[in-house]
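Residue numbers (the working numbering), protein chains in the order written: chain A, 3 to 317; chain B, 5 to 329.
If you are wondering where the hints come from, they were derived from the structure by calculation, not from laboratory data.
Owing to the predicted nature of the structure, the values given are computational and were not obtained by experimental measurement.
Ideal Cβ placement from N, Cα and C applies to all residues, glycine included.
Some clues are possibly wrong.
[Claimed, not checked] Distance condition first, Cα-Cα at most 25 Å in a straight line; then the derived DMTMM-like pairs of lysine to aspartate or glutamate:
no. : chain 1 : residue 1 : chain 2 : residue 2
1   : A       : 70        : A       : 217
2   : B       : 140       : A       : 37
3   : A       : 132       : A       : 37
4   : A       : 70        : A       : 81
5   : A       : 154       : A       : 276
6   : A       : 154       : B       : 209
7   : A       : 265       : B       : 276
8   : A       : 70        : A       : 276
9   : B       : 140       : B       : 95
10  : A       : 265       : A       : 100
11  : A       : 70        : B       : 209
12  : A       : 237       : B       : 292
13  : A       : 154       : B       : 215
14  : A       : 215       : B       : 27
15  : A       : 132       : A       : 217
16  : A       : 154       : B       : 168
17  : B       : 96        : B       : 292
18  : A       : 215       : A       : 227
19  : B       : 206       : A       : 276
20  : A       : 154       : A       : 179
[Stated by the list, open to error] So these bits of chain B aren't anywhere near chain A, every CB distance computed over 10 Å:
no. : residue
21  : 28
22  : 51
23  : 104
24  : 111
25  : 119
26  : 130
27  : 181
28  : 251
29  : 257
30  : 262
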Amino acid sequence: MNTPTTPVPASTPTTVQTLPIQRSARREITLRTREALYGYGFILIWVIGFSLFTLIPLIQTFQYSLNKVTVTAQSISLDFVEWANYSRALFTDPNFIELVIGYMIETLVSVPIVLIFAMIIAMMLNLNFKLKALFRVIFFLPIVITSGPVIKELTAQGAASVPSIASVPAVVEFIAELPRALRSPVEYLLTSFVLILWFSGVQILIYLASLQKIDRSIYEAAAIDGASTWEIFWKIILPSLSTVTVVNAVYTIVTLSHFSENKVIRYIYDQTYDVQGGIGYASAMAFIYFAVMIVLLGIVYLFLMQWAKRGQGTR
Amino acid sequence: MKSVMSNTTPTGMTRSAFQPLLDRLRSFLFGNRVHRGIVFNTLLYILLIAIGFVYLQPLLFMFVTSIKSPDDLLNPMVQWVPTEFYLGNYEKGLRVLAYADTLFASVMVSVTPSLLQTFVASLVGYGLARYRFWGKPLVFVLLLATFIIPPQNTLIPQMLTYRDMGLLGNPLALILPALLGQGYRSAIFILIFYQTFQSLPKVLEESARLDGASDVRIFFSIAMPAALPAYIVSFIFSVVWYWNETFLTGVFLEGGVTTLPMQLSRFTQAYENLYPPGVVNIFDRLNEAVKMSGTFLNILPLLVIYFILQRWFVESVEMTGITGE
């Protein structure tokens with residue numbers, strides 16, 4: 003009682019019980035402080051890393067985006083230009099906005115395809131059939147080999163499109179008939195469908211794990227109550243996949259947005275070394291791109307949460 | 005005659021005699037509660053094979069093209085089956101890629117950060133899962149942020165700092181962030197370990213604490229062994245992602261260490277240095293087959309690792325419970 007401030011080592015629980023209430027409350031506080039200190043100790047290394055490799059560079063990039071940056075062999079000189087880099091990216095540069103709009107369309111088209119496709123594959127792999135192990139090995143290949151150079155090679159081969167469909171005259175005419183707003187998504191869908199499938203590896207894995215967590219007895223109970231497979235899918239499987247769908251959607255958007263062959267990223271990277279552009283301009287574009295990405299994430303997240311809530315309601 | 009007719013009307017016939025047969029036919033075709041019907045199974049296999057083909061076709065194409073001799077390449081009759089098993093492209097590919105050196109560099113550059121990243125992620129994940137402290141939700145938000153923030157938003161200052169420190173081109177440029185929990189996709193690994201440690205029972209650790217073990221000791225001798233599957237899975241994924249990551253590697257290692265994918269991206273140039281187009285005969289010019297052999301050599305180590313460790317990939321999520329409720 004006379005030394006309440008020193009950290010108390012975890013002693014035998016019998017002494018705790020005989021102590022007066024006031025002291026055990028104090029001891030509770032010191033134990034909690036001690037616990038918190040150890041907790042901070044474990045994550046300290048991450049906090050340092052976060053400040054050094056994420057926070058400070060992020061702030062510096064923002065600072066660059068407000069300046070005209072000239073890099074020489076020895077030093078970096080900044081010339082404050084307010085929001086000029088941003089207005090140039092948004093209003094003057096004809097390429098950037100077009101690329102960003104293309105990126106938004108591509109992402110919004112790709113996400114549902116990846117999600118639906120991954121869900122179907124996961125449900126198939128969750129069944130029992132012959133050669134299951136072989137098919138699982140094939141379907142998880144994209145996890146291992148989806149990288150910038152390989153995808154570039156695939157696209158160059160034309161392995162990424164649905165060739166027979168995209169070049170049929172009737173389809174070309176059909177696309178030409180579509181309203182302008184719909185044309186580019188449909189075109190993208192036809193030319194890159196297979197490419198999109200290459201981005202579903204991890205998502206299949208996550209869906210599969212989530213499917214295997216569903217208790218078998220729920221299916222049996224539903225079947226005994228006379229539910230058809232169709233009803234089981236809509237009433238049991240889909241609602242239990244709703245949370246994981248949000249995770250997958252976020253993962254898909256982030257992967258697509260960070261992919262090194264992404265056109266916007268390539269453009270920003272090229273502008274970094276451009277005499278006309280430079281680091282300041284590239285930084286401003288990076289921030290605009292980041293903001294667009296957050297908006298996309300927000301849209302998809304809210305949409306899916308709405309759906310998940312409804313799914314949970316009907317369960 | 006009449007009485008016979010009335011007794012066995014055609015409809016009555018089917019009801020009585022054919023009903024079991026029809027039922028069996030129906031369950032054979034469309035399945036019943038116990039097994040799936042043949043229609044469903046056929047559809048399932050068609051879908052499986054179609055999708056499997058989509059994934060395998062580019063690889064097959066890559067491989068078949070890479071073993072084509074120059075004659076086969078020019079011959080329009082030869083599509084999927086080359087007339088001979090020609091290894092000349094691989095000879096050139098190995099030389100142009102400087103395979104031994106670049107492979108070693110790639111292994112070093114992906115394995116070292118992965119080891120560090122996995123260990124640090126487990127420390128942080130353990131801290132988040134086992135201790136109560138103020139500001140934990142903030143840490144999770146920031147973790148998510150490190151996952152979402154595009155690399156080019158933090159790349160330039162990092163690059164300039166590395167340049168000032170003379171670390172550009174040095175593998176340390178990739179190792180340092182990994183060591184501090186900011187490696188490539190570290191956030192995912194931290195969340196994996198968070199999930200894993202949360203799902204492990206606390207009892208053993210608590211009894212060790214009562215026996216007087218320190219927190220650090222508890223982590224090393226109880227928590228770490230219990231989470232072994234998570235370590236293996238994280239390490240494998242980390243290696244694969246580091247191997248495939250070409251953007252950051254390209255920026256940070258340019259002018260220093262050359263990895264396999266980096267050398268592949270300047271394949272044409274390197275080839276023409278070794279085999280100058282004006283000097284060598286026409287069959288030694290750079291062709292599609294040589295390029296494909298280069299690409300194939302590039303993914304071959306990953307394929308080998310994958311086929312050896314495929315069980316870990318396939319069962320990984322079940323073991324670690326990434327799904328994150």
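Going through the hints against the structure:
no.	hint	in the structure
1	70(A) to 217(A)	violated, 60 Å
2	140(B) to 37(A)	holds, 13 Å
3	132(A) to 37(A)	violated, 52 Å
4	70(A) to 81(A)	holds, 5 Å
5	154(A) to 276(A)	holds, 23 Å
6	154(A) to 209(B)	violated, 49 Å
7	265(A) to 276(B)	violated, 28 Å
8	70(A) to 276(A)	holds, 13 Å
9	140(B) to 95(B)	violated, 55 Å
10	265(A) to 100(A)	holds, 11 Å
11	70(A) to 209(B)	violated, 56 Å
12	237(A) to 292(B)	violated, 52 Å
13	154(A) to 215(B)	violated, 58 Å
14	215(A) to 27(B)	violated, 34 Å
15	132(A) to 217(A)	holds, 23 Å
16	154(A) to 168(B)	violated, 33 Å
17	96(B) to 292(B)	holds, 12 Å
18	215(A) to 227(A)	holds, 22 Å
19	206(B) to 276(A)	violated, 56 Å
20	154(A) to 179(A)	violated, 31 Å
21	28	holds, 20 Å
22	51	violated, 7 Å
23	104	holds, 20 Å
24	111	holds, 15 Å
25	119	holds, 15 Å
26	130	violated, 6 Å
27	181	violated, 5 Å
28	251	violated, 4 Å
29	257	holds, 14 Å
30	262	holds, 14 Å
In this structure, the earlier hints numbered 1, 3, 6, 7, 9, 11, 12, 13, 14, 16, 19, 20, 22, 26, 27, 28 are contradicted, and the remaining ones agree with it.
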